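Based on the sequences and whatever the hints tell you, model everything.
Residue numbers (the working numbering), protein chains in the order written: chain V, 1 to 631; chain F, 1 to 176.
These are computed hints drawn from the structure, not numbers from a lab. From a predicted model like this one, the values you see are computed outputs, not experimental measurements. It is possible that some hints are incorrect.
Beta-carbon label-pair distances, calculated as ranges [stated by the list, open to error]:
1) V/Gly627 <-> F/Gln91: 44 to 52 angstroms
2) F/Thr131 <-> V/Tyr563: 43 to 51 angstroms
3) V/Arg434 <-> F/Gln91: 41 to 49 angstroms
4) F/Tyr126 <-> V/Asp179: 50 to 58 angstroms
5) F/Gln91 <-> V/Arg182: 21 to 29 angstroms
6) V/Ala175 <-> F/Glu122: 54 to 62 angstroms
7) F/Ile118 <-> V/Asp242: 39 to 47 angstroms
8) F/Val123 <-> V/Glu521: 30 to 38 angstroms
Here are the simulated EDC-like cross-link-like pairs (lysine to aspartate or glutamate), alpha carbons at most 16 angstroms apart as the crow flies [unchecked claim]:
9) F/Lys99 <-> V/Glu279
10) F/Lys99 <-> V/Glu217
11) F/Lys99 <-> V/Asp286
12) V/Lys591 <-> V/Asp298
13) V/Lys267 <-> F/Glu79
14) F/Lys99 <-> F/Asp111
No residue lacks a Cβ here, since even glycine has one placed at the ideal position from N, Cα and C.
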Amino acid sequence: MRRYMAGQVVSAGRIRRKPPARETPDIPYSANEKAGQNLTGWRFNLLGILFLLAGAMIIIQLVRLQFSPERSEFVSQGELYSRTLHIFYPPRGDIYDRWGRLLAGSTLVYEVGAQVDNVENADTISFAISKVLSGHPEYDYPEYSDEIFSVIHRAEISGTAYVQLADFVTPEELAQLQDWARNYANLPDVDYGEAGRPSLDGLVYRPRLQRYYPENELGANVLGFVNREGTGMFGVEAEFNDLLAGAPLSVWMSLDPYQVTEIPQLKSGADLVLTIDREIQAAAEDVLNNALEESGADGGVILVMDPNTGEMLAIASTPRLNPNEYWNYANVFTDNTPYNRAVSQDYEPGSVFKVLTMAAALDDGAVTPDTEFVDTGSIQLGGITIRNWDWGAWGPQNMQGCLSHSLNVCLTWVATELGAGQFYRYMQNFGFGRTTGMDLAGEAPGRLKLPGDTDWFEAELGTNSFGQGIAVTPIQMVMAISSVANGKGEMMMPHVMRSMVRDGFQYTPTPQVIGKPISAETAHTLTELLARSLEGESSDALIDGYRVAGKTGTAEIATPTGYSTSETNASFVGWGPVDNPRFLVYVWLEKPQSSPWGSIVAAPVFADMVERLVVLMDIPPDGVLQGLADH
Amino acid sequence: MENIKKLTQAYEQAPWRRQMYMIGVILLILVSAAIIAGIYLNVTARAAAVGRQIQEMQVRVYGYHYLTSDAGEVTVPIEELEQRIANLTSQLAILTSYKVMQERVKDLNLDPIEADHIEYIEVPGYIERQTTSLAPPPEPVVVNASAIDPQFKESLFEWVADQVQRTARYFSEVRP
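Here's what the structure looks like:
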């Protein structure tokens, strides 16, 4: 080993020369330096080992946790705190009348609740809410204030974060609560004693949409309503509930601001455009209300249909419920009264049914308009004697006479000429004994007893021919008679949904022909017979300037002890103008008190309705049309 | 060999220069890392802030509002606007409802017209009132019956004309 001592003179080149690799310089260290160096090295090593151990333990623990039985619990807990589940409900679709007037929309309401941890004074909250909501029908009771207090108190004890205190709060009520809250917040900071500082802190609200019917009772029997749970009940709301409500979406919303979850673009519920005309509906309801008042009837129905398409222009039925106050349902519909009599209540229609018996017989060729029948006042069929409404004998009559005088005996004879097989085949073709398939919820099928049924007797043929012993709904009658009224023999499906707006497009289904039970010729012949019948009888159903066809009906009501002679169903079915039918009107009054006869109580109702209808539908009088045609 | 070593030594950097070089490199790495970290922090902080902003707006849609919160906020989520629109539509429907309109008719001393008071006149070309149309009808599905793709049938001239038209359409669409 070579050393260069201080003061030794060497050449520069030699000093710079790198020593051979194998030669390790011997650096002199003192004993203390060496000891210190060892100590430091030991400490560093220890520290390094500790860190290594800590790291290793962390890694081992991480691996252990991955395979531990509690893993799933930890994962679920982590997920619980990292995101929240929200269900988004799309806004319910609107319902319009045929001209685009809103019949069912949405309005803002609020849910009011308390975030329990932030509540400063539960007394103030319960007092304020009970006072502000005192005009609210659901919360207008004396114990409501105490209930709110106890709900908050219980939530505080149980550690519940949020409790709902009121729902369906209107914007006006919420504004009042906000005023109260601001006033309390501005109170001076003084000692308020044991009661504490009045405050509405902790009270929160959340807006949402609620179904709203701007027309209130108008068309309520057609629309139905949406209940507290958001489900459509009765009418269009129930029938098209899935379409109107749309599909709710459940989404886990991340709480991590780096992973913000987008609120999904909800497919809102479809909008519906109905065939109903608001003005005609209002007129029908007004006419029906007047008729009930004048006749003292228990209830009634007025249907207005376009017989060419099956579109229902108005469906008026009693009683009516304001769908904005659906909680009154049980008070309005007592004694199993159906929500819409037109589709849900079957009854024995009486002589209006003769239109269909005659249609079947004319179409089959069993009779012609000139066929003569000598009415002796009674006819025997199936062991029973059938008589006319006035128990009189009307002598020789043609078919027009039979219809004009509404002769039960004649129509029974017509039915026997047709034969039971053909008669019931026609009635089935007219759609009786089954639902029409109309797009309103809760339709009743009625009852048509057929030969071969255990409760069918031969006499049924006779009674059925004039509308007794058969159960039909008004909508079934309207559908069947549409085949006569439109002059084409085509029976149109009655419907209230004209079109549907979904995904930015308006879908309009074409009117459906259910069948063609009679020929166009039969329809024309029968319409002419019925028009002349009304004119011959100077019926109360006639309207100046317009030629209409129609038939009255008076049916006895079946009771457990037989048919009641004092209580009747009074009906009228008519259509017009005869040359170019635009409307078919069906009137049914249940148990009228002023008179039992359809010709007296129901026919004027038809006339009243048609007088308004021709104005609302812009139908010129026959004379004007004739003049224009001649011109 | 010795000559090579001498030559290398002659051009070798001085130790202090090499040290400075190393320090420079390390500093450059550190500064670069700091800049990247700064940019990352800035971007992530802004992302977090925007994320929180979005979450707050979402809470307005499905969350709860304090009674004393400011109602006149400028930024309103679409869902809340839709709720307000639905509410206003209903309010408008109330104002034009049948009952309200009848009351207005009464206030104006107007009577409903009766059938025998109407005078009808012939108007050539008159189109009667049409039922409401809230949206266009669905577009008809056009099924191309031809089995041969049009691209195989068009001439060069047609192709050029088509391209020119497409380009012109493109520029006309992007125009503000």
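To see whether the hints hold, each was checked on the structure:
1. Our hint of 44 to 52 angstroms for V/Gly627 and F/Gln91 holds, since their Cβ atoms are close to 47 angstroms apart.
2. As the Cβ distance of F/Thr131 to V/Tyr563 is approximately 45 angstroms, the hint placing it in 43 to 51 angstroms holds.
3. At roughly 44 angstroms, the beta-carbon separation of V/Arg434 and F/Gln91 lies within the given 41 to 49 angstroms, and the hint holds.
4. In this structure the supplied range 50 to 58 angstroms holds for F/Tyr126 paired with V/Asp179, their Cβ-Cβ distance being about 56 angstroms.
5. The supplied range of 21 to 29 angstroms is met by F/Gln91 and V/Arg182, whose beta-carbon atoms lie about 25 angstroms from each other.
6. Checked against the hint of 54 to 62 angstroms, the C-beta distance between V/Ala175 and F/Glu122 comes to roughly 56 angstroms, which is consistent with it.
7. Judged by the Cβ atoms, the range 39 to 47 angstroms given for F/Ile118 and V/Asp242 holds: they are separated by roughly 44 angstroms.
8. Under the hint 30 to 38 angstroms, the C-beta atoms of F/Val123 and V/Glu521, about 35 angstroms apart, fit the expected range.
9. Distance restraint check for F/Lys99 and V/Glu279: the Cα-Cα separation of roughly 11 angstroms lies within the 16 angstroms cut-off, and the hinted pair is therefore satisfied.
10. Annotation: proposed proximity of F/Lys99 to V/Glu217 holds, straight-line Cα distance about 10 angstroms (limit 16 angstroms).
11. At most 16 angstroms may separate the alpha-carbon atoms for a hinted pair to count; F/Lys99 and V/Asp286 meet this at roughly 12 angstroms.
12. At most 16 angstroms may separate the alpha-carbon atoms for a hinted pair to count; V/Lys591 and V/Asp298 meet this at roughly 6 angstroms.
13. A distance of roughly 12 angstroms separates the Cα atoms of V/Lys267 and F/Glu79; the hinted pair therefore holds under the 16 angstroms criterion.
14. Distance restraint check for F/Lys99 and F/Asp111: the Cα-Cα separation of roughly 15 angstroms lies within the 16 angstroms cut-off, and the hinted pair is therefore satisfied.
When the structure is compared with the earlier hints, no violation turns up for any of them.
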